[in-house]
Amino acid sequence: MCEHCEEGKSLIERNTYGHSSDGYVGIDMWIEENRIEVDAIGEVGYPSKDSTYVEGRTVINYCPICGRKLGGE
Numbered sequence: 001m002c003e004h005c006e007e008g009k010s011l012i013e014r015n016t017y018g019h020s021s022d023g024y025v026g027i028d029m030w031i032e033e034n035r036i037e038v039d040a041i042g043e044v045g046y047p048s049k050d051s052t053y054v055e056g057r058t059v060i061n062y063c064p065i066c067g068r069k070l071g072g073e
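Under my numbering, the residue at position 26 of the sequence shown is numbered 26, and the numbers go up by one with no gaps.
By construction, these hints were calculated from the structure, which means they are not laboratory data.
Derived Cβ-Cβ restraints for the label pairs, each shown as a range:
(1) V54 x N15: 18 to 24 Å
(2) I27 x M1: 21 to 27 Å
(3) G8 x A40: 14 to 20 Å
(4) E37 x G67: 18 to 24 Å
In this text the structure is predicted, and so the values were computed from the model without any measurement. All residues carry an ideal CB built from backbone N, CA and C; glycine is no exception.
Make the full structure from the sequences, and use the hints.
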């Protein structure tokens with residue numbers, strides 16, 4: 001087990017807060033149970049006020065960091 005699949009720590013760290021969006025710009029990925037979840041916030045043309053938010057999730061069988069079998073153990 002590792003901190004990513006046991007505690008749900010982000011796989012990617014973002015550190016730039018958006019100028020026009022309510023969140024950190026970039027991609028955030030984390031593991032919850034046997035799903036990998038992805039959130040992405042993008043901004044177009046600073047100081048524009050255009051931003052977009054996309055999220056997705058998919059079932060995975062193994063942790064991509066430590067290789068532990070997820071779900072149904």
